[in-house]
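*Asks:* Given chain A, work out where chain B should sit, using these hints.
Chains as they are written, first to last, in UniProt numbering: chain A, 1 to 442; chain B, 1 to 359.
To be clear, the hints were calculated from the coordinates, so they are not data collected in a lab.
Computed from a prediction, not measured in an experiment: that's the story for all the values here.
Hints should not be assumed to be uniformly reliable.
To be verified - DSSO-like mimics (lysine-lysine), calculated; alpha carbons at most 30 Å apart, straight line:
no.: 1; chain 1: A; residue 1: K433; chain 2: A; residue 2: K402
no.: 2; chain 1: A; residue 1: K174; chain 2: A; residue 2: K402
no.: 3; chain 1: A; residue 1: K433; chain 2: B; residue 2: K93
no.: 4; chain 1: A; residue 1: K422; chain 2: B; residue 2: K93
Claimed, not checked - Okay, the calculated beta carbon distance ranges per label pair:
no.: 5; chain 1: B; residue 1: V321; chain 2: A; residue 2: A211; range: 48 to 58 Å
no.: 6; chain 1: B; residue 1: V105; chain 2: A; residue 2: D423; range: 19 to 29 Å
no.: 7; chain 1: B; residue 1: G310; chain 2: A; residue 2: K120; range: 24 to 34 Å
Said to hold, decoys possible - Rough simulated footprint, nothing fancy, chain A against chain B, three-plus residues with beta-carbon under 8 Å:
no.: 8; segment: 12-24
no.: 9; segment: 38-48
no.: 10; segment: 156-165
no.: 11; segment: 298-307
Even for Gly, the Cβ is constructed at its ideal location relative to N, Cα and C.
Here is what each chain is made of, one letter per residue.
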Amino acid sequence: MKTSNLLKGAALGALFAAGALAPAMAQDSVYFANNAYRTGPFSGSGIPIGDGMRDYITMINERDGGVNGVKVIYEECETGYDTKKSIECYEQAKSKNTIVYSPWSTGATLAAIPRAHVDKIPILSMAYGLSSSADGTNFPWVFIPPFTYWDGASVMVKHMAAELGGMDKLKGKKLGLIHLDAPFGKEPIPVLENLAKKYGFELKLYPVAAADMQNQGSLWLSIRRDRPDFLYNQGWGAMNPTAVKEAAKNNFPMNKLVGVWWAGGDDDARAGGEQAKGYKSLSWTLAGTEAPAMQDILKYVVDKGKSTTPKEKVGEALYNRGVYNAMLVVEAVRNAQKLTGKKVITAEDMRRGLESLNLTEARLKEIGLGGFVTPTTISCTDHSGHSKMFVSEWDGTKWTKKGDWVEPLKDEVRPLIEANAKDYIEKAGNWPKRTEPCEKSS
Amino acid sequence: MLYREAGQYKSTYSADMAVFPLREDRIGIAVILGVALVAIPFLGSDFFIASVMIPFLIFSLAAVGLNILTGYTGLISLGTAAFMGVGAYSCYKLTTIFPGVNIIVLILVSGLFSAGIGVLFGLPSLRIKGFYLAVATLAAQFFLQWAFVRVPWLFNYNASGAIEVPQRTLFDIPLTGASATPETRYFVCLGLVVVLTWFASNIVHGKLGRSWMAVRDMDIAAELMGIKLLNAKLAAFAVSSYFCGVAGAMMIFLWYGGGEAADVFSIRLSFNILFMVIIGGLGSLIGSFFGAAFLSILPTALKFGLPALGIPIQGAAAEHVTFMLVGALIIIFLIVEPHGLARLWQIGKQKLRTWPFPY
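Looking at chain A on its own, in the form it has when it is part of the complex (with noise of 0.2 Å):
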């Protein structure tokens, strides 16, 4: 009865057989997984970030041969932002041997998050992801570099303190949070929770369904309704364009609209037309081509013809972000390389060296991007580093950082990282006890 479809699976079990086998590691390179979205609604958002990680890694192995001679092969998994093909692709970077797992969602680490302390694969999610694992004793597998959602909501509330001049004027103010209605979305909701009852401001809940991204009229509406101070866009894809063009045409004062990091998209910022002008967002890469680590990137593989990305694409804010995360799997690898002497590192090597990843302004330098990114260290209990952002504005043409580098409110996000981190491993219920020893920082 069923014989066609079992001859079907059995022929595809022998295809898959041959498929783990197939990429039979090369001598001296190590394989590295990416999780990218070049379609579907969030391919706006997961196009360029792919670019930049691959073109970074491709200079990495054009211009030093690889990380100490290393070659680190770099293949995407599309999932469409589908935690579904996500974990088709957590599976197959398994068997592939990846040496850390990139996510690219924060549904896809969430999902990810409970098999990668079972498989001892590294997942690095960089500045998305669940917050609490930022939590290393209860998490040791997951790193969440350099800051967590928590953290730039809270340098959300100090940008809007700033702007009126002090913490004590937040007090009687509304701040509303345009958010996508998914675990990403709802990221923010507990700090600015604390924050609002600590500060006496209001905060306004502002939900997106996913269907509803590019729909957002009747929400603006309760927005004019509600007039608030400030707006803060946590937001993604479709969502992200749309939120900047509705703000234009209700004419929502735009230097009071804020987008969490990923909202701060060159296209996201472009479809507002002229009014977007005045456009902030909390960023942590400084955009454009002039840090020399940039540089290389056209010299290397641009110029050469080894990329797909459109020359003027390259150095726009989300492309930087990409590097910067390409950036710290590559730093990892060398540091891991560092700690066991080894040359070819394994999944467990490399929680070490994530664990232990010291990029100080002096070592940013060394790679070229000192002063263009955030420094973060990485440690045994905090595995996102809780670095320093700035706030970013849109010029009508390009990003362009104002103010200076921002500290977030530590001592109001940690304890709630450690208390969400602790909710969360109860909830599991037999949650592995980290034994894993602690990495000296290097």
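*Replies:* Leaving out everything else, chain B in the frame of chain A:
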């Protein structure tokens, strides 16, 4: 030659009415079960089991559920994903409230909640038919998905709104949670799917199933023959939603292992399962399996299989090729055989009976 009924005499009524009247079919089923129980778990790689077989089994069960409603009773539903979601969230709540009860029992019980909700949203089916009913069930989809996001009690007031699947064991072997091996999860899925499919086969071959088919073919005639439309239609909704609910609970607990559940049970999943049923064959259990294999295994096979065979497409290109190929195949299959893969299968068997001397 190999597959023919010559020499097999049916001497009793029950032998004549058997689901698999031919010895060859019975042998075939035994072989399939043997492969599913022995060959796949022992020979398949973890990736194959976790990303191909488990999704296939779960989608098959959901497709069987929808087929009962759409294929056997003729009621179109676009709320499948929502009913699956009810199963998943009930299972999550149940295992939170009764952590001691075995998770397999809870997965089966959570289908009952889904059945209840299904009956509720099935009530309009008495007055409205066809596309209008599809729109009415669409309301279930939107309302329930809204509830999954908006009712924090459902996800235990978790800050991120995600479901975290706790570890549950049977005889100290973890069945759910991260430490459950793909093989264990596969066996649980397989057991549930086999038992429930057998159950479904008995229902559709029995009195209830025949009354559904009568309603499907012409409801006024069915009513005149003494079939109560209310009971038959609501029973179809209940049974169908039960299957979908169990599939939903399995999806989150045995496949996804937690995460962004509200987003999983979106309208896209409803459509996907409806397509599985249409492509597989309306009113056919085997068709549900074919449809699920076509729409769940094929994209994965193309995406990961082609690069594994040495065809150098990766990432986004593989995804685009998959979209195009699957789309083209859907059209081809529907042109070649509008009654679905199950009908093709039937034709194939018919031809095989007379092979090699067709008359």
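*Asks:* Below or equal to 30 Å on CA atoms is what counts here, so check K433 (chain A) against K93 (chain B).
*Replies:* Distance of about 26 Å is within 30 Å: holds.
*Asks:* Are 3 or more residues of the segment 12-24 of chain B near chain A, judged by a Cβ distance of less than 8 Å?
*Replies:* It is violated, with 1 qualifying residues against the three required.
*Asks:* Would you say the segment 156-165 of chain B counts as covered by chain A, given the rule of at least 3 residues with C-beta under 8 Å?
*Replies:* Coverage by chain A holds for the segment 156-165 of chain B (8 residues, Cβ < 8 Å).
*Asks:* Decide if the proposed pair is consistent with the structure: K433 (chain A) and K402 (chain A), CA atoms, cutoff 30 Å inclusive.
*Replies:* violated (43 Å)
*Asks:* Looking only at beta-carbon atoms, does the pair V321 (chain B), A211 (chain A) fall within the given range of 48 to 58 Å?
*Replies:* 27 Å Cβ-Cβ, so the 48 to 58 Å window is violated.
*Asks:* Are 3 or more residues of the segment 298-307 of chain B near chain A, judged by a Cβ distance of less than 8 Å?
*Replies:* holds (count 6)
*Asks:* Below or equal to 30 Å on CA atoms is what counts here, so check K422 (chain A) against K93 (chain B).
*Replies:* holds (20 Å)
*Asks:* So does V105 (chain B) sit 19 to 29 Å from D423 (chain A), Cβ to Cβ?
*Replies:* This hint holds: roughly 27 Å between Cβ atoms.
*Asks:* Would the hint linking K174 (chain A) and K402 (chain A) be met if the CA-CA limit is 30 Å?
*Replies:* Holds - the C-alpha atoms of K402 (chain A) and K174 (chain A) are around 23 Å apart, at most 30 Å.
*Asks:* In this structure, is the beta-carbon distance linking G310 (chain B) and K120 (chain A) contained in 24 to 34 Å?
*Replies:* holds (30 Å)
*Asks:* Taking a Cβ-to-Cβ distance below 8 Å as contact, does the segment 38-48 of chain B have at least three residues touching chain A?
*Replies:* Since three or more residues must qualify, the claim that chain A covers the segment 38-48 of chain B holds, with 8 doing so at under 8 Å.
The structure does not agree with the numbered hints 1, 5, 8 stated previously, though it agrees with the rest.
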